[in-house]
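Let's have the full structure, built from the sequences with the hints guiding it.
Residues per chain are reported as follows:
There are 2 protein chains.
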Amino acid sequence: MAPRVGHLLETSLYVEDLDRAQAFYQRIFGFEAYLRDSRMCGLGVPGDGVLLLFRRGGSTQPSPTPTGDIPAHDGQGNLHLCFAIPVGELEAWMRHLAAEGVAVESRVTWPRGGVSLYFRDPDGHSLEVATPGQWPSY
Amino acid sequence: MAPRVGHLLETSLYVEDLDRAQAFYQRIFGFEAYLRDSRMCGLGVPGDGVLLLFRRGGSTQPSPTPTGDIPAHDGQGNLHLCFAIPVGELEAWMRHLAAEGVAVESRVTWPRGGVSLYFRDPDGHSLEVATPGQWPSY
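Chains as they are written, first to last, in the numbering used here: chain P, 1 to 138; chain G, 1 to 138.
These aren't lab readings, by the way, just hints derived from the structure by calculation.
Mixed in with the good hints there might be a few duds.
Where chain G lies over chain P, by a calculated footprint (3+ residues, C-beta under 8 angstroms) [claimed, not checked]:
(1) 1-15
(2) 69-76
Examples of chain G residues lying across from chain P (beta carbon under 7 angstroms, computed) [stated by the list, open to error]:
(3) 3
(4) 4
(5) 8
(6) 64
(7) 71
None of the values given here were measured: they were computed from a predicted structure.
Just so it is clear, CB atoms sit at the ideal spot from N, CA and C, and this is done for glycine as well.
Structure representation (structure tokens):
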């Protein structure tokens with residue numbers, strides 16, 4: 001029997017240009033910057049989450065802290081993340097993405113009734129915003 | 001002004017052996033399998049989240065649905081995810097990982113008082129479980 005988990009706290013993307021990526025996530029999502037250094041940026045996601053943006057190749061060595069090392073990690077490719085949005089915000093998201101010049105690559109309606117919009121960040125990562133009605137828990 | 005976001009809904013890992021990865025996440029975290037096919041597995045994370053495990057190379061083409069395509073994505077490398085855990089479950093997590101033969105690679109205590117345990121999944125992805133006291137929002 002596994003001990004309890006509260007929620008998904010952090011997820012990571014690996015980006016070519018940290019300034020460009022941070023600007024995109026702040027402009028498109030309004031996420032607050034909690035932490036920024038030469039290596040990474042930590043952005044607050046509503047619901048007590050954190051989106052970590054790492055400069056590609058900047059976390060391939062352990063990162064020391066006073067109490068222990070943060071282990072090495074790194075990623076390539078075009079990863080996938082999804083953010084939940086309220087159903088009443090879907091049309092606002094369509095308008096917002098259009099106004100910001102972000103192309104909607106696809107729109108999917110799920111059997112449970114949820115709607116997903118897919119678009120890309122400046123590194124080609126595949127982002128999704130989804131209204132409720134996609135998963136058993138959401 | 002960005003439209004509202006509710007929470008981080010989905011994050012993705014790309015794995016060599018889908019059976020092995022699914023078994024690890026179910027054994028270590030107790031996550032419920034919502035969806036499983038030859039290409040991917042969707043696991044429910046407490047707090048209305050979903051961890052998506054994709055067979056590496058299995059999502060490099062768009063995936064059709066009756067209403068629109070799920071865009072292509074893929075990833076390589078050892079990515080990083082973190083799950084929030086209650087502070088009272090930290091010692092239970094230490095014992096659980098030891099009992100399951102999962103080595104704790106590092107333990108970090110943060111200035112705000114939170115404690116993180118770092119360990120690896122079978123693909124070398126860098127996992128963390130963290131008690132509150134790490135970020136402004138958590």
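Query raised in the report: Quick check: the stretch 1-15 of chain P, covered by chain G? Criterion 3+ residues, Cβ under 8 angstroms.
Result: Check passed, 13 qualifying residues.
Query raised in the report: Taking a Cβ-Cβ distance under 8 angstroms as contact, does the stretch 69-76 of chain P have three or more residues in contact with chain G?
Result: holds (count 8)
Query - Hint validity - residue 71 of chain G Cβ closer than 7 angstroms to any chain P Cβ - result: holds, 5 angstroms
Requested in this report: For the hint on residue 4 of chain G, just tell me whether its beta-carbon gets within less than 7 angstroms of chain P.
Outcome: This hint holds: residue 4 of chain G lies near chain P, its Cβ roughly 5 angstroms from the closest one there, short of 7 angstroms.
Query raised in the report: For the hint on residue 3 of chain G, does the least C-beta distance to chain P fall short of 7 angstroms?
Result: Constraint on residue 3 of chain G satisfied, holds at 4 angstroms.
Requested in this report: Double-check residue 8 of chain G for me: the hint is only fine if its C-beta lies closer than 7 angstroms to a C-beta in chain P.
Outcome: holds, 4 angstroms
Query raised in the report: Against chain P, is residue 64 of chain G within 7 angstroms by beta-carbon distance?
Result: Since the shortest Cβ distance to chain P is 10 angstroms, the answer is violated.
When the structure is compared with the earlier hints, a violation turns up for hint 6 alone.
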